[in-house]
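**Student:** For reference, the chains in residue letters:
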Amino acid sequence: MGESLKGAVDMHMLMEPIFAGWIGYILADLGSGVYHWGIDNYGDGSTPFFGSQIEAFQGHHKWPWTITRRQFSNNLHALARAITFSVLPINLLCHDPVVQSFVGVFAGCIMFSQQFHAWAHGTKSRLPPAVVALQEAGVLVSRSQHSAHHRPPYNNNYCIVSGLWNEFLDKNKVFEAMEMVLYFKLGVRPRSWSEPESEWMEEIDMAS
Amino acid sequence: MNMASLTAPKHYSLPTFLRPQSPKYPSHYPLLSTSSASQFCGLKLSFSTPNANAASPLLLPSVFAKVSKGSKPPPFTLKDQDGKTVSLSKFKGKPVVVYFYPADETPGCTKQACAFRDSYEKFKKAGAEVVGISGDDPSSHKAFATKYRLPFTLLSDEGNKVRKQWGVPGDFFGALPGRETYVLDKNGVVQLVYNNQFQPEKHIDETLKLLQG
Numbered sequence: 001m002g003e004s005l006k007g008a009v010d011m012h013m014l015m016e017p018i019f020a021g022w023i024g025y026i027l028a029d030l031g032s033g034v035y036h037w038g039i040d041n042y043g044d045g046s047t048p049f050f051g052s053q054i055e056a057f058q059g060h061h062k063w064p065w066t067i068t069r070r071q072f073s074n075n076l077h078a079l080a081r082a083i084t085f086s087v088l089p090i091n092l093l094c095h096d097p098v099v100q101s102f103v104g105v106f107a108g109c110i111m112f113s114q115q116f117h118a119w120a121h122g123t124k125s126r127l128p129p130a131v132v133a134l135q136e137a138g139v140l141v142s143r144s145q146h147s148a149h150h151r152p153p154y155n156n157n158y159c160i161v162s163g164l165w166n167e168f169l170d171k172n173k174v175f176e177a178m179e180m181v182l183y184f185k186l187g188v189r190p191r192s193w194s195e196p197e198s199e200w201m202e203e204i205d206m207a208s
Numbered sequence: 001m002n003m004a005s006l007t008a009p010k011h012y013s014l015p016t017f018l019r020p021q022s023p024k025y026p027s028h029y030p031l032l033s034t035s036s037a038s039q040f041c042g043l044k045l046s047f048s049t050p051n052a053n054a055a056s057p058l059l060l061p062s063v064f065a066k067v068s069k070g071s072k073p074p075p076f077t078l079k080d081q082d083g084k085t086v087s088l089s090k091f092k093g094k095p096v097v098v099y100f101y102p103a104d105e106t107p108g109c110t111k112q113a114c115a116f117r118d119s120y121e122k123f124k125k126a127g128a129e130v131v132g133i134s135g136d137d138p139s140s141h142k143a144f145a146t147k148y149r150l151p152f153t154l155l156s157d158e159g160n161k162v163r164k165q166w167g168v169p170g171d172f173f174g175a176l177p178g179r180e181t182y183v184l185d186k187n188g189v190v191q192l193v194y195n196n197q198f199q200p201e202k203h204i205d206e207t208l209k210l211l212q213g
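If you read the protein sequences in the order shown, they are chains A and B.
Under full-length UniProt numbering, the residue at position 171 of the first sequence is numbered 171, and the numbers go up by one with no gaps.
Under full-length UniProt numbering, the residue at position 55 of the second sequence is numbered 55, and the numbers go up by one with no gaps.
One chain only, chain B, in its complex shape:
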């Protein structure tokens, strides 16, 4: 089980035919956290659910279908590092790499951002755009982007609403926001979901592999 191991957790989303097309109640109930969990047949609980009570598995006030390969993610409109609003729909017509990361100015996230920066030309050559999303505010993004000369858009998902909507799983029972990257094709359909908390540069390798392949 990825949550308990100390090696870099990686989960690939379930193939489409295994993933339920509409939300339904799970057959088993997680004993621990209420954070989203990919081992949970593609469903997640809303964060507003009170703590897991194994005795009453049917108390699920709201269930979102997690974004996975083959699905169209819910649209969002967020502010970028310059305070401008950016919608997901803006990127329709070209592939886009949407990467969720824990926080600006932390070692892993810095490595990841710099790796995207250093390979940015390759992404552009493949016709793709790169967008980073974390819960930090626009001014934090601005400082982060300036310090590391990041050429792409960073969006502020304040309150982590989009993260929850998309079902990005957390690590260590939700103690740490997960590091998950989605590649959307030019029609806005997810073609790759890659999760790896502690080897951030791998996100670049995996997404480029798909875009260039």
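One chain only, chain A, in its complex shape:
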């Protein structure tokens, strides 16, 4: 991001990198939704590479509030590792400020998405006022939008950066269409089509 800013100032162009950054923010939300949809619906603990994440997501569905008890770095380190490995080579190879701005914002949003997600599980009284303001402004995914994802049939509101894609994707049944196509092409049924298994359903804890 810093390199992008310097490059932009050097080349006397500001609008393009800003625009590219904004596009990165927009697409990060979409990306978070698609990824989330994939992990929630397909595979299980034994799936290679993704197995542990899939289990983690299912565990989150069972005990959603625990995400608010995790520390900042705990929420971010797994994503940060993935981001480092993908962004570093781009940073080394490419010096165009527009590209760097896009990549920087996109990667940043993805990296912080787990924190945005955790904040979406928080309660208004316990969140920093700035966070609440950003949620209410639609810059970060809101608590109400995300809680809709945690109710049966668990098949909507998958985006967790800003949530701005959720209404469009759900209204146009985009994920349902993708699920149908995958079913017909590969014969795989997504988890959201079946009644949730008890291990997957939220445990209602009176204490929280």
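Don't read these hints as lab results, they were simulated from the structure.
Since the structure is predicted, the reported quantities are computational estimates derived from the model, not experimental observations.
Heads up, the beta-carbon is just placed ideally off N, CA and C, and yes, glycines get one too.
Each hint should be verified, as a subset may be incorrect.
[As the list claims (entries may be wrong)] So, partial list: chain A residues that the calculated Cβ filter (under 8 Å) puts toward chain B:
| hint | residue |
| --- | --- |
| 1 | K173 |
| 2 | M180 |
| 3 | V181 |
[Claimed, not checked] In silico lysine-lysine, DSSO-like type, Cα no more than 27 Å apart, as pairs:
| hint | chain 1 | residue 1 | chain 2 | residue 2 |
| --- | --- | --- | --- | --- |
| 4 | B | K142 | A | K185 |
| 5 | B | K111 | B | K125 |
| 6 | A | K185 | B | K161 |
| 7 | B | K202 | A | K171 |
| 8 | B | K164 | A | K185 |
| 9 | B | K79 | A | K185 |
Dock chain B against chain A, hints included.
**Tutor:** For chain B alone, kept in the frame of chain A given last:
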């Protein structure tokens, strides 16, 4: 163009005077899929046609006229959920709603079947019968019908032969079997063709509107 949009695709068939009465070669050639396409002046290619080659538009081994309003669909004989053979001719003398759907036990199809079930009395009152057709086998239909207490006939169009014969268009370039409903009058002539993949309950509204109107 309906195929590329993400909103519920809806196509109404062309009025009779625009639809060619006998099969003829199309004036343009679809660039993408070989699945039937309603934008294609009422004609469709057989699924056995090899992939579209825009340079040679005349390679059409077999062409069926698509079923549309005013036409009499080709007869069929298929097995129902109890394994009994059912012919289209059985329904002559009363209106029949023939609805093609992608597959049993999928969210949209379940919604649609349940909506037909919940309005079944209205269909009966209008003197009409309801028949659902998909590529699933009779045992799948039996389980589906039992689970959701469906009171009407489900037919197994194994290999999707009837679907192709009738020219039911697919969605997303043929990746998804289309959801299309035909209403036949008591003489067996099609009076309505309604297509909508993602708003399945609308099929009930539209067909009832015609039958009760």
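**Student:** Checked against the structure, which of the hints given earlier come out wrong?
**Tutor:** Nothing - there is no hint that the structure violates, so all of them hold.
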